[in-house]
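A.B. asks: Sequence:
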Amino acid sequence: MFNKGNKVEKPAYSGLPFYLNILDDNLFAMVEQLTFPIGSRTNWHKNPCGQTILVTKGAMIYQEEGSVPRLLLSNTVITIKENINHWHGAISEENSCLLITYKSNGDELVTFTDSVSDIDFKKALINAK
Numbered sequence: 002m003f004n005k006g007n008k009v010e011k012p013a014y015s016g017l018p019f020y021l022n023i024l025d026d027n028l029f030a031m032v033e034q035l036t037f038p039i040g041s042r043t044n045w046h047k048n049p050c051g052q053t054i055l056v057t058k059g060a061m062i063y064q065e066e067g068s069v070p071r072l073l074l075s076n077t078v079i080t081i082k083e084n085i086n087h088w089h090g091a092i093s094e095e096n097s098c099l100l101i102t103y104k105s106n107g108d109e110l111v112t113f114t115d116s117v118s119d120i121d122f123k124k125a126l127i128n129a130k
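All you need for this note's numbering is the position in the sequence shown, starting with 1, plus 1.
It is worth saying that the hints were derived from the structure and are not from the lab. Yeah, the Cβ is synthetic: ideal placement off N, Cα and C, and Gly gets one too. Certain hints may be false.
Stated by the list, open to error - Simulated pairs of lysine-lysine, DSBU-like, Cα-Cα distance not exceeding 30 angstroms:
id	residue 1	residue 2
1	Lys8	Lys104
2	Lys104	Lys58
3	Lys130	Lys82
4	Lys82	Lys47
5	Lys130	Lys58
6	Lys82	Lys104
7	Lys104	Lys130
To be verified - Distance windows between CB atoms, simulated:
id	residue 1	residue 2	range
8	Gly40	Asp108	15 to 23 angstroms
9	Asp121	Asn84	20 to 28 angstroms
10	Gly16	Thr102	27 to 35 angstroms
11	Leu74	Asp108	26 to 34 angstroms
12	Leu126	Ala30	27 to 35 angstroms
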């Protein structure tokens, strides 16, 4: 859909994901594309104004804290409520792509916390519904 963008060089991501900022209006919203090679994933994180994810390519695991991991296939849309601790990562054999939208309240769009270990990632793959 879009070009891959730039490598994400933040400790809040594992693997080699790519980031492309599509819309950035700090007063209202942000739209970005994230491209994840297999096994790449975010750290646990919260979005103070919520987040909507559209999987545009591949397959992903999504997990909210305290919940069973979910399998997200291409064309799946999920809406994450405000301040829900969660992570997401790629599981398909090809790059997985997401379009992510955030509402903005003028503060940080995301707060990252703990990393998702390789062991926890593999457990999520086994338990995903």
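A.B. asks: Could you tell me which of the numbered hints above are not met by this structure, giving the numbers in increasing order?
C.D. replies: Of the numbered hints given earlier, those the structure breaks are 8 and 10, listed in rising order.
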